[in-house]
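Student: Below, each chain spelled out in residue letters.
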Amino acid sequence: MRIKILFSCIIVVFCTNANSASVDVWAESYRLESLTRYEQAAEALVPLLDKQPKNEFVLLRLGWLNYLSGTHNSAIEHYKKALSINNKSLDARLGLTLPLLAQQRWKEAAKFAQETLEIAPWNYYAHIRLMIAEEGMRQWKTLANHANDVYMHYPSDATVLVYLARANRWLNNNKEAKEAYLKVLERVPGHIEALQFVEGQN
Amino acid sequence: MVFIKQKVLKYIFLCLAIGQAAMNPVSAANDWSLGISPQVLLMQYDDSTLRDNLRSFGLFATADYLDKGGLKLGYNFATVNGRANNPDVDESVWFLSGRYVHFSDTLTGKLGFRLDGYAVTDKTKIKSLSDESGMGHNQGGSVIETLTDDIGVIYAQLDYMNYAEQLYADIGYASSDYNYEQSAEFVSAQDNQVQQFTATGGFAFNNRYDWLQARLYFINLEHGNNTDGVNQSNAVEFKWLHWFKPNALLNIHSSFVKLLAGKRLFPVDPDSYTTYSIADMQTGSAAAGLEWKIGAQSKFFLLIGYDKFENLVIDDKYSATYVFGSVSLNW
Chain R
1 MRIKILFSCI
11 IVVFCTNANS
21 ASVDVWAESY
31 RLESLTRYEQ
41 AAEALVPLLD
51 KQPKNEFVLL
61 RLGWLNYLSG
71 THNSAIEHYK
81 KALSINNKSL
91 DARLGLTLPL
101 LAQQRWKEAA
111 KFAQETLEIA
121 PWNYYAHIRL
131 MIAEEGMRQW
141 KTLANHANDV
151 YMHYPSDATV
161 LVYLARANRW
171 LNNNKEAKEA
181 YLKVLERVPG
191 HIEALQFVEG
201 QN
Chain S
1 MVFIKQKVLK
11 YIFLCLAIGQ
21 AAMNPVSAAN
31 DWSLGISPQV
41 LLMQYDDSTL
51 RDNLRSFGLF
61 ATADYLDKGG
71 LKLGYNFATV
81 NGRANNPDVD
91 ESVWFLSGRY
101 VHFSDTLTGK
111 LGFRLDGYAV
121 TDKTKIKSLS
131 DESGMGHNQG
141 GSVIETLTDD
151 IGVIYAQLDY
161 MNYAEQLYAD
171 IGYASSDYNY
181 EQSAEFVSAQ
191 DNQVQQFTAT
201 GGFAFNNRYD
211 WLQARLYFIN
221 LEHGNNTDGV
231 NQSNAVEFKW
241 LHWFKPNALL
251 NIHSSFVKLL
261 AGKRLFPVDP
271 DSYTTYSIAD
281 MQTGSAAAGL
291 EWKIGAQSKF
301 FLLIGYDKFE
311 NLVIDDKYSA
321 TYVFGSVSLN
331 W
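Those protein sequence lines, which keep their order, are chains R and S.
Read in the numbering used here, the first sequence has 47 at position 47, and its numbers run on one by one without any break.
Read in the numbering used here, the second sequence has 52 at position 52, and its numbers run on one by one without any break.
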């Protein structure tokens, strides 16, 4: 009986230490991220990944930290692994768009943004990233229509209006571009791009 | 030798295509973007002893997989009409190209690997007068003997473009194998092998509305027996592209100017997917083109050009003026 109690105590202590160690790892990773030491923040999680190669959250976080540290291929790899574990994940799809856009892989980024929108049609981030891809592919008419549509759903947002203004600039629709930039200035009075364009038009 | 090379080429590209498709077997169909591009070239030779004009028709088909690469398949048929009794030449070209793009974090840019193959057949139709009637040449009928030459070309390229799309560089190598049919009756050219090295640099300016590019050509022939002893040629080609803002004059999307200085023998032009299989030295070239967008996905391209050539064997200097048009339809 005593041996059983002793054995149980050992197990409890071991598990507590293990969980504590895991929590410490997460805390350390967040601390390093807050110091913009992204590579070290990612390295702190590697032992966790070694133990649990299919830990979805570790993979998502490694995707994010690798994106921040500029190792985009590694970020893409981790996000794709996370997506293969959970095919419903919007986090993984939206995460993937970030390094893909950084590498100017417009078509692939647009693909994952569109997949997100198939599941969540008015997801703000998916729309913004799709607009970035459309801008990269110089699809100005598509971007203008898209930005106008998103603006109707997010009328207080300045970023959407910036894309609407840029698309109209490229389409030589200066009147519409100025209207959009003026709306940007109502929301962000010091917006440099909008100020420069409006001043240039006056 | 050429046929073996061509078979190997076909095998390589078949593998490339299958491999590309197998990389992502569950990919959605819209991961592939497809396109076709019919094209026409009309050329008129001036002051040429041998040639009068050239008519050429081609069709290219492309299949691109997202941003990662793609395949291009093309066929072109050209007829060179000889002046007076000089031979006509029919040329058919099959072209296959594969491209893979690697996205580099270290180099902060795209590294492209490209492999092209050309299988060219030139049929030279030599006209001669028959005296079967036994009443002399003037009374006999015209006989055409066809000589078939096979040319196989492999071109490999490594290129780099930074993510900001402001800097570009590539190095290319082309190996061309010329296999001429030998004739007992006519003087035939000797089989030859041509190696070409190219180095290219380009940059964007004017907020990426303009692009300037220079390409150096270094071409070496195995022998100069068909080219009056000349077995090497060097040239530099400059290109300037300008993109217009929307609603520009005549709704032009972009313009293009090309100049060539130096001399080229049997060059392979990787931008226009062209091999110059005629054994005449190109001694200069200038061209200007315009491109229009037709809808969101399609384009029309028109090019007018002027080339100078020299037939080294008969010391025949001549020029050629041409018009090239193509439509690219993508979906």
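Calculated from the structure, these hints are not laboratory results.
Here a beta-carbon is modelled for each residue, glycine too, at the ideal position from N, C-alpha and C.
Careful: at least some of the hints might be erroneous.
[To be verified] Keeping only pairs whose Cα atoms sit at most 27 Å apart, straight-line, the calculated DSS-like set for lysine-lysine is:
(1) Lys-293(S) to Lys-263(S)
(2) Lys-80(R) to Lys-258(S)
(3) Lys-125(S) to Lys-141(R)
[What the hints assert, rightly or not] Partial pick of chain R residues on the chain S-facing surface, computed with a CB cut under 7 Å:
(4) Gln-103
(5) Glu-108
(6) Met-152
(7) Ser-156
Student: Each hint should be assessed against the structure and marked as holding or not.
Tutor: Results for each hint:
1. Proximity of Lys-293(S) to Lys-263(S) is assessed by CA-CA distance (about 34 Å); at most 27 Å being required, the pair is judged violated.
2. With a C-alpha separation of about 44 Å, the suggested pairing of Lys-80(R) with Lys-258(S) is violated against the 27 Å cut-off.
3. At most 27 Å may separate the alpha-carbon atoms for a hinted pair to count; Lys-125(S) and Lys-141(R) exceed this at roughly 53 Å.
4. A hinted interface residue such as Gln-103(R) counts as satisfied when its beta carbon comes closer than 7 Å to some beta carbon of chain S; here the least separation is about 4 Å, so the hint holds.
5. Hint status for Glu-108(R): holds, given a least beta-carbon distance of 5 Å to chain S, under 7 Å.
6. Using the Cβ-Cβ criterion of 7 Å, the hint placing Met-152(R) at the interface with chain S is not satisfied: the shortest such distance is roughly 22 Å.
7. For the restraint placing Ser-156(R) at the interface with chain S, the shortest Cβ-Cβ distance is roughly 29 Å, beyond the 7 Å limit, so the hint is violated.
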